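Visitor: The listed protein sequences derive, respectively, from chains A and B.
No gaps in the numbering here: position 52 of the first sequence is 52 in the numbering used here, and each next residue is one more.
No gaps in the numbering here: position 62 of the second sequence is 62 in the numbering used here, and each next residue is one more.
Careful: at least some of the hints might be erroneous.
[What the hints assert, rightly or not] Footprint (simulated), chain B over chain A, 3 or more residues, beta carbon under 8 Å:
1. 81-92
2. 215-229
3. 319-332
[Said to hold, decoys possible] Here are the simulated distance ranges between beta carbons:
4. A/Ser335 / B/Ala430: 55 to 63 Å
5. A/Pro296 / B/Pro38: 30 to 38 Å
6. A/Ala236 / B/Pro83: 52 to 60 Å
Everything labelled a hint here was simulated from the structure, so no lab data went into it.
Here the structure is a predicted model, which means the values were calculated and not measured.
No residue lacks a Cβ here, since even glycine has one placed at the ideal position from N, Cα and C.
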Amino acid sequence: MRIRALNALLGGALFAALAVALSGQDLASLEKRVTVKVLDNGLTVVICERHEAPVFSFFTYVDVGADREYPGITGLAHMFEHMAFKGTDKIGTNNWPAEEAALAKVETTYAAYDRERRREFGRDVQRVGQLKKAWEDAIAEAQTYVVPHAFDEIVEGNGGVGLNAFTTSEQTAYFYSFPSNRYELWAYLESERFLHPVMREFYKERDVVFEERRMRTDSNPNGRLFEQFQGVAFVAHPYGRPVVGWPSDLQAFSATDAQQFFDKYYVASNMVVAIVGDVKAAEVLPIVEKYFGRLPKRLKPEPLATVEPPQRSEREVVLREQAQPLYIEGYHKPSALNMKTEPVFDALQDLLSNGRTSRLYRSLVRDKKIAAFAGGFNDFPGSKYPGLFVFFAVPTPGHTPEELRDAIRADVEKLKKEDITDDELNMIKTRAKADLLRTLDSNAGLAEQLATAQALFGDWRYFFQEANRIDQVTKAEIREAANQTFLDSNRVVGRIETAQAAHQMAGGKETR
Amino acid sequence: MMPRKSLIGLLVVAFCFSCLPSISKAQVTDWKQIHFPPLNAFNPQEPRRVELANGMVIFLQEDHELPLIRGTARIRGGSREEPPAKVGLVNIYGEVWRTGGTKTHSGDELDDFLEARAARVESSGGIDSTLISWDCLKDNFDEVFRVFVEFLQEPEFRDDKIPLAKNQLSTGIARRNDDPGAIAAREAQKLGYGADSPYARQPEYATVAGVTRDDLLNWHHTYVHPNNVILGVVGDFDSKAMEEKLRAAFESWPKGPSPAPLQALFPGPKPGTYFVQKDDVNQSNIRMVELGARRDNPDYYAISVFNEIFGGSFSSRLVEDVRTKKGLAYHVGGGVGTAFDHPGLFQISMGTKSGSTAAAIEALYEEIDGLKTKPPTEGELQRAKDSILNSFVFQFDSKGKVLQERMSYEFYGYPADFLKRYQAGIEKVALEDVQGVAQKYVHKDQLAVLVVGKAADFDKPLSTFGSVANIDIAIPPPPNAAKAATSTNSGRQGAHR
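This is chain A alone, in the form it adopts within the complex (with noise of 0.2 Å):
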């Protein structure tokens, strides 16, 4: 119920996000855990065995985000992910057919209602009134058949943890952890919200959405310079959008219009499930199958057209604010999905951004002093189009934007001019390696990166294989790669001035 994409990085937790490798010897052991099956109608089911505790974790992988998106359905795919919680036919209603004729109401009340008020000239707001009354009576009516957070109580009352979901540029996410024994009424209820959705108190949740909006974009300074340096950076291709929806859309769309989304790219061979924990493969396998094959065979949705054009200049947002100054800049880079540069670019995270001996960290935070904060990240906003290579740093108090930009052009100079040490290189191998050791431990951080891969890569091994590629990474692959993309007329810039607020400016004294 969440959008993350720009929490990540915001909140400098990317280090973890793509710190994954492994000696072959431990992949081979997980070789032995992992079965992979792809159902009859094309969904496919990985299933891991780790019999720590008699818990498990799924991650269900819709391949579908706010890619699929256009101007006036913006944020769809996420508020899909919301009604997702909203029960189906048979949870979370006490009367269906009743309930599926009020709904019904409710849609062609709004169609109605819609059509007037937006109506740009001769629009009769008496009647926009009228109209109106007759959708919230529509939705009044609905919602006497309501049987209040039927789904969530399953889940929570049979010791679910954990019960969330996220939508991002690209992929719909929906997971929990359960105990063991519960394994076969998860298998239930995850494929029954997709099987039979109900576009149940839809325009109530679309009013939650929006104070989602509020909260992570439209109050936070720092969300608002993100969504502007999005839309400037892609103007074509839908990763220039903001995930939660622009408002105008957000007060536009209808259940009608989730509903279709739905229908187009929520097919069963759209999907990947993850299972990992305490359970038998040969005992789970039947039971999803059973359960996630009644989920009808059709065709996976045709590949998004759009390809960003070639930027041809250097583009810049400012955004001035009542907030301390950022700074971020962003060059456009190929896809995760090129296992050629890919492994180069992560190698380029880690030695940028990596802790306390990241070269950025040492010249602007440690040496310059100039920052709190810097770091170099791969893939924003999403990994499976071509996306940013993003430096993102954060002043400290009296040091400005400008200071920032200048420290870290000089590093990124560096880059295209010298080879990286020998050590720096030896460092960042190692470190891919022990660091995708430290992620085997968790059965819901496993499930999510083996329906990651298997959905983006079509195999789940490919975080577990990154690591080997990027043992194979040179110095002079890392040096092309920084003259190749760390260049002006590739580049979009982003920041945060301050423009102290009237009633600060007075002193901070006057309250109203």
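Based on the hints, put chain B in the right spot on chain A.
Guide: Below, chain B without anything else, positioned relative to chain A:
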């Protein structure tokens, strides 16, 4: 080969427990038709406790899943014990302890040494303790552990890293009013405990500036003695061999004084409505606070159940009514907060658009009144207990978690089997206990109600709810730079020096 769909029913019966009548060809139409066996008995492995003659307590938890060894030392004494004029000291200490290096190696040298081995040694300062930990591949254990011991016994707090740590902390001060959620969280804490309470006070430029290297050394010499240290080690080792290594490292470490624990007062908040003006937002952050309870309070179990019902889960009253039914919030929740050795805070927290601020406060009051007019039901009680008891296994589903719990109980002087008692305690909670929690801990007339937002856009003025006290969150400039700060307002953007 996996069975074909039509054969699933037959084959699965053979795979599964005998009590799974639901597995058949027939479509399941109701989740209640799905039966499952009781959860397999699970006795989590307890760590081994070793107490050295000098008072140091060690827990050893073998975990052979991955070739890693990690350890954490928790040391008594934290920011609640720092002097009011030096708030921020423990934060700086926690940073410079590591970056300032040891007698024989600078922090930078150790950065290179550790990172080349993909190992970490990190330190930090907390409210009631400081932590220093390591995390390494087991093959590097001896050399990394040596570094860890150096830090524990011979830290140097080199001067050049102190301004760096102060810089970091000052950045936090300068930025603390940028995010309205952070403002609300901080000011609610100050309302609940008192602005000067050791549990709520904030570092300022002046208090940070006053911290010296002597303060850091002094802190270390006051608190870091074996009798104040609890060390937990988890990973791929043999306990016997590990115990020998730890004894060799720490047995000769001389005992030191044990500073008296903090005595703090908890008068509770002054009831009323409080307002923080924040004009660059379109959402109000609302908090309602009063004092909560300690975990050794016999009410703790009923409190846990109450929280689950009231505002601590997706199926709780606050989420259902305020978020789902009214659509007033994305973020809403609350409950009676508890802590091990001091009262937590009862707190309700939500964000709502500026234009529904008063409506949201009214909705929250309605929920509080509802605890009396619609007291918790048997159904709610059952669901809450089911939720806590069925998810209980997640309290100890990894060896690391079991170790952490055990270390906490040791630190706060709780019984080692506190978690087991918790389970038994929850099972016994009756409806009247939960209703008792509502009466005892939730008082509409004793709440401090805080709103952070843009008053001009509110649906009704906050004065609707009584007199409003404005909270000034302007950041006091550094003492020796007050003149510079005023003169730079028009020139240098965001300057706070």
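Visitor: Now tell me, hint by hint, if it's right for this structure.
Guide: Against the structure, the hints come out as follows:
| no. | hint | result |
| --- | --- | --- |
| 1 | 81-92 | holds (count 3) |
| 2 | 215-229 | holds (count 6) |
| 3 | 319-332 | holds (count 5) |
| 4 | A/Ser335 / B/Ala430: 55 to 63 Å | holds, 58 Å |
| 5 | A/Pro296 / B/Pro38: 30 to 38 Å | holds, 36 Å |
| 6 | A/Ala236 / B/Pro83: 52 to 60 Å | holds, 59 Å |
The earlier numbered hints are all upheld by this structure, with none contradicted.
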